[in-house]
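Protein chains in written order, with the numbering used here: chain A, 1 to 255; chain B, 1 to 81; chain C, 1 to 224.
For each label pair, taking beta carbons as the anchor points, the in silico distance ranges come out as:
no.: 1; chain 1: C; residue 1: LEU83; chain 2: A; residue 2: ASP85; range: 22 to 32 Å
no.: 2; chain 1: C; residue 1: LEU84; chain 2: A; residue 2: ALA253; range: 30 to 40 Å
no.: 3; chain 1: C; residue 1: LEU27; chain 2: A; residue 2: TRP122; range: 33 to 43 Å
no.: 4; chain 1: A; residue 1: GLY79; chain 2: C; residue 2: LEU83; range: 22 to 32 Å
no.: 5; chain 1: A; residue 1: GLY241; chain 2: C; residue 2: LEU12; range: 53 to 63 Å
no.: 6; chain 1: C; residue 1: ARG2; chain 2: B; residue 2: TYR35; range: 50 to 60 Å
no.: 7; chain 1: C; residue 1: LEU12; chain 2: A; residue 2: PHE147; range: 32 to 42 Å
no.: 8; chain 1: B; residue 1: SER15; chain 2: A; residue 2: ARG154; range: 53 to 63 Å
no.: 9; chain 1: A; residue 1: ARG154; chain 2: C; residue 2: THR193; range: 46 to 56 Å
To give a feel for the contact side, a few chain A residues facing chain B, derived at Cβ under 8 Å:
no.: 10; residue: VAL52
no.: 11; residue: LYS54
no.: 12; residue: ILE55
no.: 13; residue: VAL58
no.: 14; residue: ILE101
no.: 15; residue: GLY105
no.: 16; residue: ILE108
no.: 17; residue: LYS115
no.: 18; residue: LEU218
no.: 19; residue: ALA228
no.: 20; residue: VAL232
None of these hints come from the bench; they were simulated from the model. The C-beta atom is built at its ideal place from N, Cα and C for all residues, glycine as well.
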Amino acid sequence: MQCSTSSWRISTPSTTYGRGLRSLSLATIITIAAALALVFFYAPLDASQGFVQKIFYVHVPLAIVSLCGFVFGGLLAIGYLRTGDRRWDMRSYVAIHMALIFGVGGLITGSIWAKASWGHWWVWNEPTLVSFLIVLLLFATYQPLRFSIEDPERQSRYASVFSIVGGAFVPLNYLAVQLATAYVHPRVLTLGGANLPPSMGLTFVVALIGFALLYVTLWKYEMAAKNARSQVRRLRRTLLGDDIARPAGRSAAPS
Amino acid sequence: MSLVVAAAPPVPLDSTAGRYVAAAYIVVLALVLVYVAIMAVRAQHLEKELAELRRDVEAARAGGEADPEHEAVLAGERRSV
Amino acid sequence: MRTALVVLRKDLRLELRTFETVPAMVLFALVTFVIFHFGLNRPTIDGQLAAGVLTVTLLFAAMLGINRLFVAEREQGGFDAFLLAPVDRTAMLLAKAGALFLFLVVLEVIAIPAFKLFLLGPSLGPPLPGLILVLALADLGLAVIGTLVSAIAVQTRARDLIGPVIGLPLLLPALIATARAAGPLLAGAHPATAPPGRWLAILALYDVVFALLAYAVFDFLLED
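Bound-form chain A, shown alone:
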């Protein structure tokens, strides 16, 4: 209960998520532009896959960042269960939300890569792709779960439990699918990057940093937007003594 009283008090200094957003955005733009330049002008053509291999520089970073985003959401959810502060739930919600978007991107680009190099839109022997699908299927239930719990405090609590379980599920699932996959196709590209030539490795690392920065930027941006909205609502309540000014649409987001 201590969480609700603190969130009502307007005098407590609230976090501002917008701080540092500008420099972060700049860093993201520069890194991603550099990564694109490296991909198309610097990295050599792959000996066996040719030009198609360029998809690797966008698919794998998206996948890694998305999986890390889910784990990040789980870690933030621990913060909620420890403190009972709804802001942690909000952070976890946004982290998972963003990771889902990145995950959809990773899935689509992976599918395109599979079509381009193996001739099928879907291959079961690409572990990154398959474990991805499973993780996405799991986290796709995060929003329906939130929707179907009405009490906001319980919603936060249950969603946090779900995020923690899901966060732990990500590496386990990856391990299981990796082992389950028979390597029919020669895997020139592994996540370790050990068998990448150094120039490709450098390009990949820059792309990975770029997408990680993009994730953090969008996370902060979304947090700032949500924070701004909830501040307006709170201001309305304190100034006008209204009840919550009509909820804008149906949303499972913590408020």
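The hints should help you fit chains B and C onto chain A, whose structure is shown.
Just chains B and C now, kept in the frame of chain A:
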């Protein structure tokens, strides 16, 4: 224009490989742009909400003299801020 | 620990009196075997196909039990009574996981012979110890994750939907491991007598990780 074309990355768009690579990058760009569009709509809502709030607060201030209860709320607010 | 035994005994007694959950699970499994027989249009199956059919059937039958697990508590105020009592809340997790595990064991004791009778081609004798080991590990995972999912789902509005929708992806790696471990045991030509070690290792790891995880977070699902 010719400069841009000359500096453009060597994407072999006439080959299938080039098309697939282009498609992958377009998907990512489209996702980011969709996100931007969603955030734009949200910013619009926020702006509207803020405008409404300002209007309501000003209305409450103006009508507050006649309404002692509202006045008390506003006065209390002023003290605490 | 004593509390867990008390709650477990209560659940088992309830099940013995009403015969509500386990018979439904068993019937469901039998009907599914019949459907698979006609759907696959084969008199007998073996190998990985048999392992897959068995795993899927047991999983969906388990889902029925998982959906019912906390319903009595919710409908008859068992949660409130439990929360009022000065007992460790983990006891509820232990008791419910134990009950679900026993339900699954009973289900398998009936469903495995039926599977042999209806569908399975190769003999079940030699690989039986290995199969029991695989199923025991799988049941452990199903019991722990099932209890966790059921505790989450029971408090939601659409609990019959939320349970399977969260549970199935969460159980997927365990199912992959179960089906793959059981595959060589049910092979037609040269059935293995021991299940492949790495799948057993994955199952065991899965069980341990989720047991610890469930232990860590379960309190928060009861707190009200």
